[in-house]
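**Q** Sequence:
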Amino acid sequence: MSTDGTAGRTYESSVTRVEEIIRRLDAGEATLGETLALVREGRDLIEHCAGELEAVGGALEELRLDELVVRLEGNTGPVGAG
Numbered sequence: 154m155s156t157d158g159t160a161g162r163t164y165e166s167s168v169t170r171v172e173e174i175i176r177r178l179d180a181g182e183a184t185l186g187e188t189l190a191l192v193r194e195g196r197d198l199i200e201h202c203a204g205e206l207e208a209v210g211g212a213l214e215e216l217r218l219d220e221l222v223v224r225l226e227g228n229t230g231p232v233g234a235g
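Counting from 1, position 66 in the sequence shown corresponds to residue 219 in this note's numbering; the numbering is continuous, with no gaps.
Everything labelled a hint here was simulated from the structure, so no lab data went into it.
Warning: the hint list may mix true and false statements.
What the hints assert, rightly or not - Simulated restraints on C-beta separations:
1. 169 x 210: 20 to 28 Å
2. 225 x 160: 25 to 33 Å
3. 210 x 178: 27 to 35 Å
4. 196 x 217: 45 to 53 Å
5. 204 x 227: 13 to 21 Å
Glycine included, every Cβ here is placed at the ideal spot set by N, Cα and C.
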């Protein structure tokens, strides 16, 4: 289980929160302590999003490989035929 505050968050909700953090930091109204906390939270959220994207990319790659195997197994004729 994640302990960085991203447990149960979706990719979309994480992106929305990162956007909120960026707006808050850009406003320049955060205290030093709040800025540090926001930067840490943002880093954790970005790492979470990167992990989600990597997982989806891996799943898509597996699907492509599975599709390739099916195509290759379906081509049982001699090489160059077809």
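**Q** Compare the structure with each hint and give your call.
**A** Hint by hint, here is what the structure shows:
1. Taking 20 to 28 Å as the suggested C-beta distance range, the pair residue 169 and residue 210 conforms, at roughly 21 Å.
2. At roughly 41 Å, the beta-carbon separation of residue 225 and residue 160 lies outside the given 25 to 33 Å, and the hint is violated.
3. In this structure the hint that residue 210 and residue 178 lie 27 to 35 Å apart at CB holds, the actual value being about 29 Å.
4. Between residue 196 and residue 217 the beta carbon distance is about 31 Å. The supplied range of 45 to 53 Å is therefore violated.
5. For residue 204 and residue 227, the Cβ-Cβ distance of about 35 Å falls outside the hinted range of 13 to 21 Å, so the restraint is violated.
The earlier numbered hints that this structure contradicts are 2, 4, 5.
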